[in-house]
Each structure stands twice: as C-alpha cells, then as structure tokens.
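Sequences and hints are given; from them, build the entire structure.
Number of protein chains: 4
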Amino acid sequence: MSTDTTPTDAEAACFEAGIKFGSLYHQFAGTPVSPDTAPSLAAAMADSIENQPHCREVTVDVRTDELEAALAESTADYTELTGRFLEVEIVVDYEGCEVVTRMEMEDGYPLMRLESVRD
Amino acid sequence: MSTDTTPTDAEAACFEAGIKFGSLYHQFAGTPVSPDTAPSLAAAMADSIENQPHCREVTVDVRTDELEAALAESTADYTELTGRFLEVEIVVDYEGCEVVTRMEMEDGYPLMRLESVRD
Amino acid sequence: MSTDTTPTDAEAACFEAGIKFGSLYHQFAGTPVSPDTAPSLAAAMADSIENQPHCREVTVDVRTDELEAALAESTADYTELTGRFLEVEIVVDYEGCEVVTRMEMEDGYPLMRLESVRD
Amino acid sequence: MSTDTTPTDAEAACFEAGIKFGSLYHQFAGTPVSPDTAPSLAAAMADSIENQPHCREVTVDVRTDELEAALAESTADYTELTGRFLEVEIVVDYEGCEVVTRMEMEDGYPLMRLESVRD
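Residue numbers (UniProt numbering), protein chains in the order written: chain A, 1 to 119; chain B, 1 to 119; chain C, 1 to 119; chain D, 1 to 119.
Simulated from the structure, these hints should not be mistaken for lab results. The beta-carbon is built from N, C-alpha and C at its ideal position, and this holds for glycine as well. Hints may be right or wrong, so weigh each one.
Not the full set, but computed from the structure, chain B residues with beta-carbon under 7 Å of chain D [said to hold, decoys possible]:
id : residue
1  : 26
2  : 30
3  : 72
4  : 76
5  : 107
6  : 109
Here are the simulated distance ranges between beta carbons [claimed, not checked]:
id : chain 1 : residue 1 : chain 2 : residue 2 : range
7  : B       : 113       : D       : 61        : 29 to 37 Å
8  : C       : 35        : A       : 61        : 16 to 24 Å
9  : D       : 35        : A       : 53        : 39 to 47 Å
Take a look at the structure:
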C-alpha cells in the first residue's frame with residue numbers, strides 16, 4: 001500500500017474522462033428520439049461535451065437499428081434516448097496523458113469503461 | 001362558475017403546448033454550450049421535441065450575442081445552457097386547434113407564454 | 001371558428017399545468033433509482049416542481065412494485081427512472097382556475113392528461 | 001513513457017469517481033430549488049447517485065446562504081440548481097482502491113477535483 005495519496009496525471013485524466021461520460025449520459029438520457037432525429041441529436045451530444053476541459057474528441061453513434069427494433073414493438077414513432085441506443089467513444093488529453101473510453105451495452109446496462117491510458 | 005369540468009380541445013391543446021416547453025427546457029438546461037456549438041444544439045433541441053405528439057413546429061435560437069457577453073466576463077470558453085440564452089417558439093396542433101407559444105426573458109427569468117389559441 | 005385568439009384564463013392554466021409535467025418528467029427521467037431510494041426521489045420531485053409558479057400541489061409515487069419487477073429480470077440492483085415507474089398528479093391554480101392533471105401508463109408510454117378544468 | 005496502456009485499478013477507480021460527478025451534476029442541474037426545498041433535493045441527489053456501482057458515499061450540501069443571496073437580487077422565490085449552490089463530496093471504492101473527490105466553486109465555475117487516491 002502506498003502512503004502517498006496525491007493523484008497522478010494519469011489518474012486525473014481518468015477522472016476527467018469519467019466526468020465527460022457521466023455528463024453526456026445524464027444530460028441527454030430521456031430525450032425524445034426517432035430514426036429521423038438521431039443524427040442531429042448525436043451531433044449535438046458530441047459537440048456539447050467537446051466543450052468540456054481536456055476533452056479532445058467525442059464520437060456518438062445513435063444506433064438506428066436498435067431504435068427501429070424498439071419502435072417496431074410499439075405504437076409510437078419515437079422513444080426516449082437510453083444506453084441501449086448509444087455507442088460512444090471519448091478521448092481525453094490531460095497534461096499529455098491520453099485516455100480512451102468507450103460505452104457499450106453489457107447485460108442490458110450501458111457499461112462505460114476505460115480502454116487505454118497512455119502517459 | 002361552470003360545473004362542467006371536462007377539458008375543451010383548446011384547453012387540451014394548451015396543456016400539450018406546455019408539456020413541450022417544460023420538456024425542452026428541463027431536458028437541455030445545463031448542457032455545455034459555446035458560440036461554436038450553439039447551432040448543433042439548437043437543431044437537436046428543435047428536432048427532438050418535434051417528435052412529441054401534436055407538435056407541429058419548434059424553432060430554437062440560441063442567442064450567441066448573449067453567450068458571447070457571458071463568456072467575455074469569464075475565464076472559460078463555454079457555459080451552461082439556460083433561459084438567458086434561448087428564444088423558442090413552439091406551435092402545437094391538437095384536433096384542429098392551433099396554439100402558438102413563446103419563451104422570452106422577463107426580469108431575468110425565462111417566461112413561457114401563450115401567444116394565441118385558434119379553435 | 002372564433003376569430004379572437006387571446007387565451008382564456010382556463011387555457012393559460014392548462015398551459016401552466018403542461019409546463020409542470022414536462023419539467024418534472026425531463027428533469028428527473030434517467031435518475032438512478034432503487035426501491036430503497038424511491039421515497040427520497042419522489043419527495044424531491046414533488047418539492048422541486050411545487051416551486052414553479054401557480055403550482056398548488058404535486059403528488060409523486062414511484063411504483064416500487066414495478067421497480068422490483070424490473071430488477072428481478074436484471075443483474076443490477078438499480079435502474080433508471082422512467083414513466084413506467086411513476087404515478088403523478090399535479091394541481092395548478094391560475095387566476096382562480098383549477099386544473100387537475102395526471103400521468104399514467106398507456107400502451108407502454110407515460111400518458112399525461114388533463115383530468116378537470118374548473119373556472 | 002510507458003508502453004503498457006492497460007488501466008490500473010487506481011485509474012479505473014478515478015474513472016468511476018468522475019462518472020458519478022458528471023452524472024450528479026447533469027442529472028440535477030436546472031432543478032427548481034428554494035431554501036425550503038433544498039434539503040429534500042440534496043437528500044435525493046445523494047441517495048440516487050449512491051445507487052451507482054462502486055459508490056460508497058455521496059454527501060451533498062445545497063448552500064442556502066448562496067441561494068438566499070441569489071433570491072434577494074431577484075423577484076422570484078426560487079431559482080435553478082447550478083454549481084454555485086452546491087458542495088459535494090463523493091467517495092468511490094473500486095477493488096480496494098479508495099478515491100475521494102470534491103466539487104467547489106473556483107472563478108465562478110464548479111470545479112470537480114480528485115482529493116486523494118489510496119491503493
């Protein structure tokens with residue numbers, strides 16, 4: 001066990017990456033979405049979160065195949081955005097440390113995970 | 001005082017218009033926004049809310065003049081979306097009744113109001 | 001067809017009621033919720049929306065039976081708040097006009113509707 | 001420079017802590033709040049986010065002194081929740097690694113930062 005608890009740059013970079021993911025998800029979950037409006041929503045999600053500090057690139061894909069499958073089972077022509085319909089990659093650069101993170105579905109939950117941390 | 005409390009179509013149309021305004025505001029307030037990303041956010045807000053039932057048209061203008069004024073007073077290059085930066089018009093059509101609503105600032109608060117109700 | 005398009009007090013009251021419903025839903029949809037935390041979330045939703053103008057009373061019930069049913073099908077011990085888990089009643093009083101509104105599920109969608117309008 | 005980019009447990013713990021902060025902020029920013037309703041909102045924020053994986057403790061204080069100062073300058077009796085009114089501490093435990101994080105205002109922006117990382 002280390003006794004020094006001061007965060008490293010890599011740890012701070014991972015913290016920053018987590019903030020972006022939590023922000024993206026909880027800002028936009030619940031937004032009304034359909035196959036026609038998915039592209040403009042995906043673009044706004046990426047552009048908005050890229051404003052946050054240390055955020056190099058955000059890539060958002062709203063999965064229209066999953067959207068169409070969900071709507072085929074319903075009487076509505078739109079639904080609410082949730083993790084099932086999203087694939088997201090976020091790259092953070094903090095003091096020269098690059099962190100790549102990704103969200104994908106696992107067991108029906110949107111799992112956010114660290115892909116790589118490069119000092 | 002009327003004893004019949006069954007809503008008219010015009011009243012239902014106004015209720016629907018209110019739902020759209022509350023949805024738009026509370027879904028997107030807090031989104032990170034800058035002059036560069038205002039256009040994609042405005043487009044997504046309009047497209048998303050137009051998915052809702054009986055919603056004919058949503059027009060969103062993110063006021064870049066106000067954004068630039070707010071950022072000039074700060075050390076950051078983005079801020080959070082709030083009513084100060086928004087002008088919105090929403091037109092609802094419910095059973096042939098058209099309602100026009102608008103949001104504008106008054107006394108520092110985003111005031112949402114009914115413009116017209118046409119049976 | 002009427003040529004006067006000035007809203008009545010009853011119509012304005014219905015618009016106000018709609019704003020409260022859209023606000024409540026899109027502010028809180030997506031919040032992590034479990035049977036243990038449902039009561040504090042329901043209390044905060046009611047208290048927060050009652051701050052809005054002309055809002056006399058908000059009653060929120062997070063349906064723990066539906067929450068437990070959803071969690072029984074999953075490996076997680078919490079889920080995201082959505083209309084399936086909510087029963088809401090909102091009473092608005094605008095210039096002496098009382099509007100009662102309610103949200104309940106219909107065909108898998110959270111349907112918000114006007115119950116009564118009393119001039 | 002390291003060539004191994006596999007995240008450590010401490011880095012994953014920091015990523016998890018960031019997710020909780022981004023979630024808390026963007027889920028609840030914009031909520032109508034007044035001195036009277038601040039306690040129930042703070043309780044719901046803490047309880048809701050504690051549902052998330054690896055989250056040991058969330059402490060939320062809605063600063064009623066700042067709320068009262070903001071309302072004294074306005075004609076309204078409530079405002080929207082934003083970072084100015086919040087003090088938050090989140091403790092994450094991931095595979096035995098404890099991360100303490102805190103949010104406080106700096107230059108008018110809610111700054112989220114890592115306090116300590118204990119392997």
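Going down the list of hints, with the structure as the test:
no., hint, verdict
1, 26, "holds (6 Å)"
2, 30, "holds (4 Å)"
3, 72, "violated (13 Å)"
4, 76, "holds (6 Å)"
5, 107, "holds (5 Å)"
6, 109, "holds (6 Å)"
7, 113/B to 61/D: 29 to 37 Å, "holds (35 Å)"
8, 35/C to 61/A: 16 to 24 Å, "violated (34 Å)"
9, 35/D to 53/A: 39 to 47 Å, "violated (31 Å)"
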